[in-house]
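J.: Line by line, the protein sequences give chains G and C. Each residue of the first sequence is one higher than the one before, starting from 1 at the first, in the numbering used here. Each residue of the second sequence is one higher than the one before, starting from 399 at the first, in the numbering used here.
Bear in mind the hints are in silico, worked out from the structure with no lab data behind them. Glycine included, every Cβ here is placed at the ideal spot set by N, Cα and C. Treat each hint with caution, since some may be false.
Said to hold, decoys possible - Derived coverage of chain C by chain G (criterion: at least 3 residues anywhere in the stretch with Cβ under 8 Å from a Cβ of chain G; other residues may be distant):
(1) 559-573
(2) 598-611
(3) 656-667
(4) 702-715
Unchecked claim - Per label pair, the in silico range of CB-to-CB distance:
(5) G/Glu348 <-> C/Leu617: 11 to 21 Å
(6) C/Thr776 <-> G/Pro162: 41 to 51 Å
(7) G/Glu348 <-> C/Pro711: 26 to 36 Å
(8) G/Thr11 <-> C/Ser622: 37 to 47 Å
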Amino acid sequence: MTAQGKARKLTLDVLCKYPFLNASMEWIQEKNVIPLDAFYTHVGIMDKIRAILADAMDNKEESKALAHDSDEIIYLYPWLRIILAFMNMPRVTYKIANLLSKHFSAMLAKEDETTLLLVAQDQGINVDRIPDDKAMAISTVSFQFRLPFLDYLQIAAKFKSPAWKLVNRLLKNGSVYLRKQDLARMIEELIKTKISEANPALKDESLKKSFMDDPLLKPFFEGLMNVAKEKTSAGSGSTDSLPVDDSAFPPCINAILDKNSKGINLAHSERLFLVYFLLTIGKTVEEVLDLFRNQPDYNEKISRYQVEFAAGMHGKKTNYKPHNCVTLESINICKKADPEFGSKWCVEPKYPFKNPLTFYRRSSKSRARHLAQNSGTEPSNEDKVEGPSSSQDDGQST
Amino acid sequence: MNDYVKALFQAYYREIQLEKLMPRDLPKRELGFILPDKKGMIRHKAFADTKDYKAFLLQNVPVHVYYSATLYNSPWKDRMDLKDYIGCDLIFDIDCDHIETPCKQEHDGWVCKGCGKKGGGKPPVACPECEGMSFDEKSWLCDKCLAKAKTETLKLVDDFLIGDFGLPPDNMDIYFSGQRGYHVHLEKEAFRRMNAEERREMADFITATGISLSSIGFLVKSPSITGFTMKDPGWRGKIAVNLLHLLDRIDIDGNVPLLAKEVQDLLRKNKEILKKRLLANDPNWSLEGIGQGYWNRILEYVVRDTKCEIDVPVTIDVHRLIRAPNTLHGKSGFINKKLKRDELDKFDPFNDAVAFKGNDERIKILNDVPRFRIEDKTYGPFKKDDIETMSLGAAVFLMCKNLGVVA
Numbered sequence: 001m002t003a004q005g006k007a008r009k010l011t012l013d014v015l016c017k018y019p020f021l022n023a024s025m026e027w028i029q030e031k032n033v034i035p036l037d038a039f040y041t042h043v044g045i046m047d048k049i050r051a052i053l054a055d056a057m058d059n060k061e062e063s064k065a066l067a068h069d070s071d072e073i074i075y076l077y078p079w080l081r082i083i084l085a086f087m088n089m090p091r092v093t094y095k096i097a098n099l100l101s102k103h104f105s106a107m108l109a110k111e112d113e114t115t116l117l118l119v120a121q122d123q124g125i126n127v128d129r130i131p132d133d134k135a136m137a138i139s140t141v142s143f144q145f146r147l148p149f150l151d152y153l154q155i156a157a158k159f160k161s162p163a164w165k166l167v168n169r170l171l172k173n174g175s176v177y178l179r180k181q182d183l184a185r186m187i188e189e190l191i192k193t194k195i196s197e198a199n200p201a202l203k204d205e206s207l208k209k210s211f212m213d214d215p216l217l218k219p220f221f222e223g224l225m226n227v228a229k230e231k232t233s234a235g236s237g238s239t240d241s242l243p244v245d246d247s248a249f250p251p252c253i254n255a256i257l258d259k260n261s262k263g264i265n266l267a268h269s270e271r272l273f274l275v276y277f278l279l280t281i282g283k284t285v286e287e288v289l290d291l292f293r294n295q296p297d298y299n300e301k302i303s304r305y306q307v308e309f310a311a312g313m314h315g316k317k318t319n320y321k322p323h324n325c326v327t328l329e330s331i332n333i334c335k336k337a338d339p340e341f342g343s344k345w346c347v348e349p350k351y352p353f354k355n356p357l358t359f360y361r362r363s364s365k366s367r368a369r370h371l372a373q374n375s376g377t378e379p380s381n382e383d384k385v386e387g388p389s390s391s392q393d394d395g396q397s398t
Numbered sequence: 399m400n401d402y403v404k405a406l407f408q409a410y411y412r413e414i415q416l417e418k419l420m421p422r423d424l425p426k427r428e429l430g431f432i433l434p435d436k437k438g439m440i441r442h443k444a445f446a447d448t449k450d451y452k453a454f455l456l457q458n459v460p461v462h463v464y465y466s467a468t469l470y471n472s473p474w475k476d477r478m479d480l481k482d483y484i485g486c487d488l489i490f491d492i493d494c495d496h497i498e499t500p501c502k503q504e505h506d507g508w509v510c511k512g513c514g515k516k517g518g519g520k521p522p523v524a525c526p527e528c529e530g531m532s533f534d535e536k537s538w539l540c541d542k543c544l545a546k547a548k549t550e551t552l553k554l555v556d557d558f559l560i561g562d563f564g565l566p567p568d569n570m571d572i573y574f575s576g577q578r579g580y581h582v583h584l585e586k587e588a589f590r591r592m593n594a595e596e597r598r599e600m601a602d603f604i605t606a607t608g609i610s611l612s613s614i615g616f617l618v619k620s621p622s623i624t625g626f627t628m629k630d631p632g633w634r635g636k637i638a639v640n641l642l643h644l645l646d647r648i649d650i651d652g653n654v655p656l657l658a659k660e661v662q663d664l665l666r667k668n669k670e671i672l673k674k675r676l677l678a679n680d681p682n683w684s685l686e687g688i689g690q691g692y693w694n695r696i697l698e699y700v701v702r703d704t705k706c707e708i709d710v711p712v713t714i715d716v717h718r719l720i721r722a723p724n725t726l727h728g729k730s731g732f733i734n735k736k737l738k739r740d741e742l743d744k745f746d747p748f749n750d751a752v753a754f755k756g757n758d759e760r761i762k763i764l765n766d767v768p769r770f771r772i773e774d775k776t777y778g779p780f781k782k783d784d785i786e787t788m789s790l791g792a793a794v795f796l797m798c799k800n801l802g803v804v805a
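Using the sequences provided together with the hints, build the complete structure.
T.: This is the structure we're talking about:
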């Protein structure tokens, strides 16, 4: 954390506005209060946490409950994270992380450059502001910040949009040039990551016990759990229970299967990807092995060991997941724009995705829905089946 | 490896100075060896001391020596999950196999295992005669292939690593691989900490993978087209600079390969005005007869010509074994030679990486050999069963490829 000295220049108003700041935590620590007392001294905290949870479960990207009209919000923020750890429901944590990060990011994008810089530095982003007379300008757009490329990659390498790929960024002498909104977006990602990470409070048994034993907080927590469970069960739509649907495969898999069906020797990377993908969606080891019998160099013993290894039956028993789309692109397996196998759902997805599994899950869900609607009434029409467009499983599954 | 070559390799390892052999952080690296007359690679070796490493080389005289780019707390353990990963050097590999050169059609070839049909260059997907898909392949090393690999290495180092990534030349170690290309190693702590995703982003920048003209600001609002200027950072500036080079080449070369004639004619027609705008850093690329479709074709060509042909999986992989410094390559007898940036321009692999220079040898040729050069002398082509006198370096080169024995 290189910028704590600078972060202290932030006013109380800014600390309330952005309670995720390290400087906001320092402010609380200086008050030296007993943690649970916050709920008694700031009676609005519980209502606000309930409202934040409700907004998050409704997939909202801003919340009135995060209004920064008093220092209450500074106490609320760490407690919200602790409660998420107690709840131990990854889907709820992800939704809250999404709401909070989007909410603060929208506010940050409207800040002046100095405040934005101080917030970024508080979050450990090693960013520099370029003096106005030396700012990089492309057309009429001004790039007022620069960041060493390694620092940039630590945050932005996870982003899905092509615009965030380093190849599409302004890189010069090791620095990536950024606009205000770019920096706000990077802070958003840091907030989301931090909230989604395991909270150390999870291991603090005495804190958990005193929280759960508190006559005011115990029913409050149970109420939150009930809402969370109700909302998550209503929105669940896992594909795990669906049968494997070969017609929902992404272009990359279809292209490899096509080569395999023609007996063309698959590259090592293609074989690995195919095995990881098929096993992950529920194909059995025998079904996968059957496919490889088409390979000119098929060897039952070696192939069986390798497929079983990938299925977590040997070695350290890891269940391997298929490569992400960006990796597939790098190793020339991606076929999204291929004239024969390409798909507009890959090239221009309604909701971006990072892994071909997401394509498959959306596509198979959409087909299953369509078939269910048509069963017994009229013959299914494949042409009418929607491509993968739902954002339901675009979160932790990828 | 025959006994003659083995004795020479042993003499080389006896004489080499310890510090030249020593990879940085040797005790934290796994070493792998291919030994003469043994199948597969001996893996999971580790040495606390360079003297032990050198003693192993002298005793076993490996055909190939590799070390892990990765550092581990327990490199000797035989399961990757037990080795305890610390970090991994960032490696770039430029290999002739991945670079298209016209001469490959002359010196590389394939034979269909099904019907025996032969052809030049890389094998086809299916044999044109019998549609078989299994081939014996042969490849050869020539001055042109290695010159192209050096050009790509210079591009990687100067344009990308120094120019874009701002790395000082003394942050990188350059190696001639001993056979078909070059490796560039970055061993600073910050690079060792990079995960595979971050490494992929760097590799994608260098290979222009995922480049999106609209994302980098190529604007088409018909009839107005806004491009880039040469002072722009990143790929914007690279494209503008290389577009200017293309305009010059169209004049000098007459016909630029792989760029459609109609596109070249349009560029030639607009050459003066476009050149003037590029030199004045004016991003106005609206030109008569060149609409968005033609611009896409021009820029696709410029990007292809500008990117660098690294072997991406090597850069991304954080568990890769790579040839160890200053060891000998068992398929050429050349040294995996470490170079400073300013040594690279004049480096001649067929001379400067030759480990064995000495008296001539009489060699019996075991199979047809294309023309090749060692030091300042060119040999061949030879026919099977020829007896030829050649320098020791040339003799070792052929013996390493099982194409000759001492007569």
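J.: Now, for every hint given, state plainly whether the structure supports it.
T.: The hints, checked one at a time:
Only residues whose beta carbon comes within less than 8 Å of a beta carbon in chain G count, and the segment 559-573 of chain C has 5; three or more means the coverage holds. Remark: the segment 598-611 of chain C is confirmed as covered by chain G, as 12 of its residues place a Cβ nearer than 8 Å to a Cβ of that chain, reaching the required three. Here's how the segment 656-667 of chain C fares: 0 of its residues keep a CB closer than 8 Å to some CB of chain G, so the rule of at least three is not met and the hint is violated. Only when three residues or more bring their CB closer than 8 Å to a CB of chain G does the claim for the segment 702-715 of chain C stand; here the count is 3, and the claim holds.
The supplied range of 11 to 21 Å is met by glutamate 348 of chain G and leucine 617 of chain C, whose beta-carbon atoms lie about 19 Å from each other. Under the hint 41 to 51 Å, the C-beta atoms of threonine 776 of chain C and proline 162 of chain G, about 49 Å apart, fit the expected range. Evaluation of the 26 to 36 Å hint for glutamate 348 of chain G and proline 711 of chain C yields a pass: the beta carbon distance comes to about 28 Å. Restraint check, threonine 11 of chain G to serine 622 of chain C: a C-beta distance of roughly 46 Å satisfies the suggested window 37 to 47 Å.
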